[in-house]
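Starting from the known structure of chain L, arrange chain A on it as the hints suggest.
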Amino acid sequence: MAAGAAPRPARRGGRREGGSNGPRREAAPGLVSVMESVEAVARTLLSFGRLSRGLPFGRAHGLSSRDPLLPLAPRSQENADPQRTAFLLRKQWTLYSVTPLYRFSNAHLRDYARLLSAFIAAEKQKGLAVEVGVELDIKVAVSSLPYLKGSDQDQAAILVQLSSRSPASPKNSEEKLIWSGWFCCVSGDNLSKNVPEDFTCLPLFLVNGAECYTSIVGSWFQKTFDCSFRRLAISPLILSWMAAMWTGCKVDKTASAMELVFSVPCLPQPLDISYAIHPEDAKALWDTVQKTPGEIIQEEVDVFMDCLYSHFHRHFRIHLSATKLVKVSTAIASAHCDGIIKFLQSQYLTGVLMLLTELAISQIE
Amino acid sequence: MAELQPYNKLPALSCAVLLLVGSDGGLQQRLAEAILREKKNFKINIHLAASLPLPPERDHLRPRIDLVAFMIDIKSKYSLKNVEASLAYVDDSFFLGKVCFLVTGVGRVNYCSVEMNAIRNLGEVYCSPVLFCELEVEGSQVATAQRLLRMLEICAGHVPGVSALSFSSLMRNCADD
Numbered sequence: 066m067a068a069g070a071a072p073r074p075a076r077r078g079g080r081r082e083g084g085s086n087g088p089r090r091e092a093a094p095g096l097v098s099v100m101e102s103v104e105a106v107a108r109t110l111l112s113f114g115r116l117s118r119g120l121p122f123g124r125a126h127g128l129s130s131r132d133p134l135l136p137l138a139p140r141s142q143e144n145a146d147p148q149r150t151a152f153l154l155r156k157q158w159t160l161y162s163v164t165p166l167y168r169f170s171n172a173h174l175r176d177y178a179r180l181l182s183a184f185i186a187a188e189k190q191k192g193l194a195v196e197v198g199v200e201l202d203i204k205v206a207v208s209s210l211p212y213l214k215g216s217d218q219d220q221a222a223i224l225v226q227l228s229s230r231s232p233a234s235p236k237n238s239e240e241k242l243i244w245s246g247w248f249c250c251v252s253g254d255n256l257s258k259n260v261p262e263d264f265t266c267l268p269l270f271l272v273n274g275a276e277c278y279t280s281i282v283g284s285w286f287q288k289t290f291d292c293s294f295r296r297l298a299i300s301p302l303i304l305s306w307m308a309a310m311w312t313g314c315k316v317d318k319t320a321s322a323m324e325l326v327f328s329v330p331c332l333p334q335p336l337d338i339s340y341a342i343h344p345e346d347a348k349a350l351w352d353t354v355q356k357t358p359g360e361i362i363q364e365e366v367d368v369f370m371d372c373l374y375s376h377f378h379r380h381f382r383i384h385l386s387a388t389k390l391v392k393v394s395t396a397i398a399s400a401h402c403d404g405i406i407k408f409l410q411s412q413y414l415t416g417v418l419m420l421l422t423e424l425a426i427s428q429i430e
Numbered sequence: 236m237a238e239l240q241p242y243n244k245l246p247a248l249s250c251a252v253l254l255l256v257g258s259d260g261g262l263q264q265r266l267a268e269a270i271l272r273e274k275k276n277f278k279i280n281i282h283l284a285a286s287l288p289l290p291p292e293r294d295h296l297r298p299r300i301d302l303v304a305f306m307i308d309i310k311s312k313y314s315l316k317n318v319e320a321s322l323a324y325v326d327d328s329f330f331l332g333k334v335c336f337l338v339t340g341v342g343r344v345n346y347c348s349v350e351m352n353a354i355r356n357l358g359e360v361y362c363s364p365v366l367f368c369e370l371e372v373e374g375s376q377v378a379t380a381q382r383l384l385r386m387l388e389i390c391a392g393h394v395p396g397v398s399a400l401s402f403s404s405l406m407r408n409c410a411d412d
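Chains L and A, in that order, are what the protein sequence lines are.
Final position of the first sequence in this note's numbering is 430; the numbers increase by one with none missing.
Final position of the second sequence in this note's numbering is 412; the numbers increase by one with none missing.
Keep in mind the hints are simulated off the structure, nothing from the lab.
Hints may be right or wrong, so weigh each one.
[Unchecked claim] Calculated cross-link-like contacts (lysine-lysine; reagent style BS3-like; alpha-carbon spacing at most 25 Å):
hint : chain 1 : residue 1 : chain 2 : residue 2
1    : L       : Lys392    : L       : Lys156
2    : L       : Lys241    : L       : Lys204
3    : A       : Lys244    : A       : Lys278
4    : L       : Lys204    : L       : Lys318
5    : L       : Lys392    : A       : Lys316
6    : L       : Lys389    : A       : Lys316
7    : A       : Lys316    : L       : Lys356
8    : L       : Lys288    : L       : Lys204
9    : L       : Lys389    : L       : Lys318
Keep in mind it's a predicted model, so treat the numbers as computed, not measured.
The shape of chain L in the complex, shown without the other chains:
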């Protein structure tokens, strides 16, 4: 990795090598020498930790100051079965936060599926057309995913799938999955501790599929279990945390580039800036910034992002810190500020879900 990679003139999608940074604060002296030592060191997997409640989104006047040790990076799950979670990967999931469900029981999943399909059929009868054109026969399946949880106190994840079969096709033809949504709770002890009996805590809801089905399923759950759904948005501050945390995770295969997308405000025509960084350079940078493995503090995230911003400024004279970070893509997952996530590695799935559960709980409270 050369210390001074020549930048491409185009502003969009320029592939930057994040290694050659001018203003570096208390990090190691020369990045080139650090690179060699980093490759030699076998990085151990980062341990679990828990995000403290002092996340800065919620109240307008800021939160009470927490201790600066906000831990965690997702831990690699060696025991997770990649085949079972494969259907969750590489799909775009929209995030919602859900308040605790009243009188929800794992034993009655089939009944719920039946009731939900009756509800969907009734909605279609009412004329709230879910799809114009072909009349589809919608089948609902509700199942439990017991392996998606952080600790034993967590509720097992619940998966709802809507599949359709056109009535014209033969009876045993394959059903097409048209919508899926799943509730989950990974290490949500903070919420489940404080909630009375009869309530089930599944604060995170992920959806893939058409919005019309989402609203139908959502309204059924709201009516049946007296809960409420809200879109979970991710602030730029949290996105930069995710960028720093996920960069530090060890990935076996060749990782994809780390990409940050910024949206520039106050312009007559919207401008999006995409900043792509070679994953090894980004990881090397993060490794020099992070002092204690397994723990991340806000200052380290700030220094990491500042290095990237000042590198960009040096080449393009644009202050990225004045723009809004809207999307972060790393080898592990990609997150958008509108609350859209894509999982790319099954090893770190639980770790990312833990972070998202924490965000959902903060939004509920």
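Using the frame of chain L, we list chain A on its own:
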């Protein structure tokens, strides 16, 4: 002199001067206009600056500044850095009540790019009040303008018996004690 001094010039009669420092010119303009629309019984001069130090060429034309308000936009980390860099160019005696931090954009927490702890630390380190507002919203704009106006009146010495030094008691937080 490069530093902003509070008492190196004579005050004008029945006049108060406010300096707004911040990276977003549009917001500053709107706030300044809101302040000027308020009813007051003394003359006001509002100076807008993107950062400090102020250009030395026009220093002899500038009046004495009574209150400096640093504007930080919670959506832009750059504005916080700008303010931190500008603070070096303010003389120490300004921080006896003649400086305040105005944090705008707090209505939309999902756009938050600046950590709240950083801002609170800034207020504590510089012993100055931190005001939170949302200048995009009309009501908050008017309320902020009224607050700043009142603070300016006190800083300029137009309110008998109350001095700018009493602002430090505004910041005493019961939870901290």
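Hint numbers the structure violates, sorted upward? 4, 9
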